[in-house]
Amino acid sequence: MSYRAPLARPAESRRWSYTRFQQRLAPYVFTSPFFILFAIFGLFPLLFSLFLAFHLWNPLDGLGNWKFVGFENFQLALDARDQFWVALKHTVWIGLLAGVPQHLVALPLAFVIHQFLRRWQGAISTVLFLPYITSAVAITIVFGMLYSERLGLLNYVLGLVGLDPVRWLAQPELVPYSVATVVFWRYVGWNVILYLSGLQAISEDVYEAATVDGASAWQKFRFITLPLLRPMMFYAFTLTIVGNMQLFEEPFILTGQGGGSGGAALTSAMHIFNTGFRDLDMGYASAMSWLLFLAIFVLSMVNNYLFSRDGGRS
Amino acid sequence: MTTQPLKTAVPAPRRPRLRLPVGRAGLWLLVGLACFLSVIPFYLMFVWATLPSAEVFSVPPKFWFSDQLVGNFQKMMDATGGLALRHFWNSLYIAIMATLTTLFFCSLAGFAFAMYDFRGKRFLFGFILLTMLIPPLVMDIPSFLVMNNFLQWVGEPRALWVPGMANAFGIFLMRQYIGSALPRQLVEAARIDGATEFGIYWRVVLPLIRPILATLGVVTFVGSWNNFKGALIMKLSDGPIMTLPLSLRKITGGATNINVDWGANLMMVVLTVLPLLILFLLASRQVISGLTSGAVKD
Numbered sequence: 001m002s003y004r005a006p007l008a009r010p011a012e013s014r015r016w017s018y019t020r021f022q023q024r025l026a027p028y029v030f031t032s033p034f035f036i037l038f039a040i041f042g043l044f045p046l047l048f049s050l051f052l053a054f055h056l057w058n059p060l061d062g063l064g065n066w067k068f069v070g071f072e073n074f075q076l077a078l079d080a081r082d083q084f085w086v087a088l089k090h091t092v093w094i095g096l097l098a099g100v101p102q103h104l105v106a107l108p109l110a111f112v113i114h115q116f117l118r119r120w121q122g123a124i125s126t127v128l129f130l131p132y133i134t135s136a137v138a139i140t141i142v143f144g145m146l147y148s149e150r151l152g153l154l155n156y157v158l159g160l161v162g163l164d165p166v167r168w169l170a171q172p173e174l175v176p177y178s179v180a181t182v183v184f185w186r187y188v189g190w191n192v193i194l195y196l197s198g199l200q201a202i203s204e205d206v207y208e209a210a211t212v213d214g215a216s217a218w219q220k221f222r223f224i225t226l227p228l229l230r231p232m233m234f235y236a237f238t239l240t241i242v243g244n245m246q247l248f249e250e251p252f253i254l255t256g257q258g259g260g261s262g263g264a265a266l267t268s269a270m271h272i273f274n275t276g277f278r279d280l281d282m283g284y285a286s287a288m289s290w291l292l293f294l295a296i297f298v299l300s301m302v303n304n305y306l307f308s309r310d311g312g313r314s
Numbered sequence: 001m002t003t004q005p006l007k008t009a010v011p012a013p014r015r016p017r018l019r020l021p022v023g024r025a026g027l028w029l030l031v032g033l034a035c036f037l038s039v040i041p042f043y044l045m046f047v048w049a050t051l052p053s054a055e056v057f058s059v060p061p062k063f064w065f066s067d068q069l070v071g072n073f074q075k076m077m078d079a080t081g082g083l084a085l086r087h088f089w090n091s092l093y094i095a096i097m098a099t100l101t102t103l104f105f106c107s108l109a110g111f112a113f114a115m116y117d118f119r120g121k122r123f124l125f126g127f128i129l130l131t132m133l134i135p136p137l138v139m140d141i142p143s144f145l146v147m148n149n150f151l152q153w154v155g156e157p158r159a160l161w162v163p164g165m166a167n168a169f170g171i172f173l174m175r176q177y178i179g180s181a182l183p184r185q186l187v188e189a190a191r192i193d194g195a196t197e198f199g200i201y202w203r204v205v206l207p208l209i210r211p212i213l214a215t216l217g218v219v220t221f222v223g224s225w226n227n228f229k230g231a232l233i234m235k236l237s238d239g240p241i242m243t244l245p246l247s248l249r250k251i252t253g254g255a256t257n258i259n260v261d262w263g264a265n266l267m268m269v270v271l272t273v274l275p276l277l278i279l280f281l282l283a284s285r286q287v288i289s290g291l292t293s294g295a296v297k298d
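Line order of the protein sequences matches chains R and S.
Each residue of the first sequence is one higher than the one before, counting from 1 in the working numbering.
Each residue of the second sequence is one higher than the one before, counting from 1 in the working numbering.
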């Protein structure tokens with residue numbers, strides 16, 4: 001910096017300067033859009049929803065025509081016979097059916113690609129990522145065709161090996177599997193990508209040291225890869241839990257608004273949607289959405305606990 | 001862990017050797033199967049979109065292209081009352097508006113959080129991260145009510161793209177990238193050259209963060225294009241204002257209804273998926289590495 005600068009500066013800084021003023025102000029202006037939008041489309045709706053959860057209200061009656069009912073909406077939902085529990089059970093079941101295999105497949109797959117097929121990693125990632133990036137509605141319709149009872153490809157293949165056609169979308173005990181398969185298909189590649197990026201962060205030196213010590217491939221996976229991948233596993237599990245608990249498009253398109261025969265694929269998100277927008281019971285729907293929020297929060301905390309129990313620091 | 005006395009003269013370690021029960025062919029088979037299962041539904045939708053409607057569900061199934069592409073396009077137009085391309089445009093318009101505004105506002109805020117020190121910075125950024133914990137589902141009902149009873153935006157395309165213009169995920173992604181990829185001296189240098197603060201963002205920072213703009217751009221575009229529930233809730237579900245996913249669901253009438261024209265349906269499936277495929281394939285490397293770069297750090 002030029003030695004003349006100190007001479008010019010003191011005089012300048014004492015006076016009000018537009019340059020300095022806009023430097024001070026700039027970060028606040030630049031970040032303000034988020035806070036303005038959040039106030040209008042986030043915070044206010046949240047508070048409004050909390051308010052509604054304690055009221056009985058049909059939006060067609062207009063603002064102000066709500067009736068305070070206290071905890072009645074919550075009590076109604078928490079009654080064991082209520083549809084809320086049935087839908088929550090479906091949601092968790094479909095979530096497990098889709099979520100557990102996702103990680104059981106994605107983790108070994110990522111390990112194999114990272115360890116042995118590294119030159120092809122880019123191309124393989126792109127292919128596996130395709131299902132994630134495409135339209136849920138469009139792809140669910142294609143799956144619906146594959147599931148078609150008399151003419152679908154799946155039953156055709158079953159027929160080739162001499163098996164009877166299966167009613168993939170009509171048998172209540174099978175529907176969760178059919179829905180979960182679509183969800184599994186869409187997100188398994190996403191998890192592979194997450195695990196691949198986690199694996200890349202593990203230093204090659206650790207593996208080399210293990211090789212020198214005579215570790216087998218399995219030992220390396222068990223004692224190096226798994227522990228060092230914990231943060232990424234935590235992140236991936238969290239995304240799966242939060243996403244699967246809000247499942248909507250796939251069951252909605254596959255089985256229709258009511259969740260198919262016996263309502264077997266009626267998820268919590270669909271139930272809340274139906275209560276709010278079909279039955280126009282906004283208070284009850286709001287209460288249920290807060291209860292679902294609570295359920296997601298509890299599951300996330302359980303996940304968090306399981307991951308921090310031992311070596312959370314590792 | 002037990003420690004063993006170090007042997008002297010350890011040979012230089014080489015890349016870990018392959019020691020798996022299946023061998024290389026088995027690995028390729030496994031990964032090949034995964035790739036095959038990933039793309040086969042896409043292949044089928046493109047093939048079937050070219051079949052005459054009567055042959056979409058034929059026994060045995062058809063696995064090769066036919067000549068009804070144009071015919072199916074015509075049927076799709078008929079099935080939507082001539083509005084299919086209008087619905088395509090509606091989705092495109094909303095996705096473009098969402099993408100451009102998101103890129104602008106998120107990079108601007110990300111720039112501020114990465115390059116400035118200001119009072120309340122940590123609190124404000126923490127607050128933004130905290131909002132990521134709100135499940136989108138909780139917002140469905142109240143945001144409809146705000147749009148319906150306060151703003152009267154229900155049935156308007158802007159109900160879909162305005163609320164997400166500056167979102168926590170985008171700001172986080174941008175801050176991570178700008179903070180790690182650009183040195184602060186860059187801002188100082190531009191200031192000495194007499195640039196305004198916005199000028200620094202617009203003329204210096206923005207051109208340098210193209211990779212992460214591509215990532216966030218693709219993600220935002222795809223998310224907006226696929227926003228089925230949002231469009232359903234905001235009632236973009238009638239005649240000319242429908243978005244493409246709603247239009248697709250309307251003409252198929254559910255996934256297993258075989259009494260509709262499946263040539264037309266599949267044509268629309270292709271119309272829905274093709275732009276995303278093209279966009280993603282153009283930027284796939286960038287999207288994948290950008291998305292996972294900030295996943296675990298911080």
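What the hints contain is simulated information worked out from the structure, not anything from laboratory work.
Ideal Cβ positions, reconstructed from N, Cα and C, are used throughout, including at glycine.
Hints may contain errors.
Residues from chain R shown here face chain S by an in silico Cβ test under 7 Å; the list is partial [said to hold, decoys possible]: (1) 34; (2) 60; (3) 64; (4) 109; (5) 131; (6) 137; (7) 141; (8) 274; (9) 279; (10) 280; (11) 286.
(request) Kindly indicate which numbered hints from before are broken by the structure, ordering the numbers from low to high. (result) 2, 3, 8, 9, 10
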